[in-house]
Amino acid sequence: MNKKIKVLLSIVIFCVVYFAVLYIFQINFLFNPDTNYKSPKEAGFDMFTEEPVTAKDGTQVMTWYYEGDTDKPLILYFHGNTGLMARFAPAITKLTNEGYSVAMMEYRSFGNTEGKISQETIFSDAVSFFDYYKNKTDKKIILYGYSFGCAFAMGLTQHRNPDGIILTAPFSSLYQEVKEYPVPLAFLVLKDKYPSDEYIKNIKCPILIIHGTDDKLIDSSHSQRLFDLVTVEAKQLVLVKDVNHHDIFFKEHNVPVILNWLEQFN
332 MNKKIKVLLS
342 IVIFCVVYFA
352 VLYIFQINFL
362 FNPDTNYKSP
372 KEAGFDMFTE
382 EPVTAKDGTQ
392 VMTWYYEGDT
402 DKPLILYFHG
412 NTGLMARFAP
422 AITKLTNEGY
432 SVAMMEYRSF
442 GNTEGKISQE
452 TIFSDAVSFF
462 DYYKNKTDKK
472 IILYGYSFGC
482 AFAMGLTQHR
492 NPDGIILTAP
502 FSSLYQEVKE
512 YPVPLAFLVL
522 KDKYPSDEYI
532 KNIKCPILII
542 HGTDDKLIDS
552 SHSQRLFDLV
562 TVEAKQLVLV
572 KDVNHHDIFF
582 KEHNVPVILN
592 WLEQFN
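Those letters in the sequence shown? Residues 332 to 597, by the working numbering.
Don't read these hints as lab results, they were simulated from the structure. For glycine and all other residues, C-beta sits at the position ideal for the given N, C-alpha and C. The reader is advised that the hints may include incorrect statements.
Unchecked claim - Cβ-Cβ distance ranges computed for the label pairs, FRET-style:
1. Gly-414 x Ile-342: 31 to 41 Å
2. Ile-355 x Thr-380: 36 to 46 Å
3. Tyr-349 x Thr-401: 28 to 38 Å
Said to hold, decoys possible - Dumping the calculated DMTMM-like pairs for lysine to aspartate or glutamate here, alpha-carbon to alpha-carbon at most 25 Å:
4. Lys-510 x Asp-494
5. Lys-582 x Asp-365
6. Lys-572 x Glu-511
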């Protein structure tokens, strides 16, 4: 075997192994589940109550619920791809402090919710989540997603009709986000595309999109693309100058914008 053939064979083997690893382990690359579940009381957020929701396949999906003022809407919150509800609760309490009802949903393999997360299971569980609280209250329902959670909220809109949507630091699609990420050709073996840019064209309710201009994880151009695809007039895009992906949520730069926008539903 000559040298050129050996080099070519090595390249082929490397490519096969490279793409196989990306394909087989992509869920591990995309999600970082924390299984160290704590109840609201143990986590220091005893204003919330635990409300297990039964998914279509019988899986018990843990949710936290806070009952707010009767004249304000219920916000269904979808967190990012790392951590548990407790990690995101501090910023969410800025909404409960203003009297808004809030329900948060845990994902499969996160906390004490069993199973494996995928586009199919998360969208299905989101429908069960929505229906459970729709049957529990006659309040208007607002979907609120942060980061990867925006994709889950957008997937839900293909099956249910909320009264409003809030997206903080979304990607236009996971396919596009992975395509821009410094992992060569990973998008070629992506199983779940999370195509929010397709789903958002069908939105019929008011929508608010917020993004930091210094976001190095998901560029703010993703929010601009989503905004441009929205067909309803009741749409708003807010780009917060010099704020990154973490701080837009955890340092609550989005909260004043959200509270102002929510007033239309009170």
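### Query
Could one say that the CB atoms of Ile-355 and Thr-380 fall in the range 36 to 46 Å?
With a Cβ separation near 39 Å, Ile-355 and Thr-380 satisfy 36 to 46 Å, so the hint holds.
### Message
Hinted pair, alpha-carbon criterion (25 Å max): Lys-572, Glu-511. Please report holds or violated.
### Response
holds (22 Å)
### Query
Given the hint that Lys-582 pairs with Asp-365, does the C-alpha gap stay at or below 25 Å?
The hint holds at about 22 Å.
### Pairwise beta carbon distance, Gly-414 to Ile-342, judged against the given window 31 to 41 Å
Holds, at about 39 Å.
### Message
Next pair to validate is Lys-510 with Asp-494; report whether the Cα-Cα distance is within 25 Å.
### Response
violated (32 Å)
### Query
When you take the CB atoms of Tyr-349 and Thr-401, is the distance between them in 28 to 38 Å?
Distance hint for Tyr-349, Thr-401 is violated at roughly 56 Å.
In this structure, the earlier hints numbered 3, 4 are contradicted, and the remaining ones agree with it.
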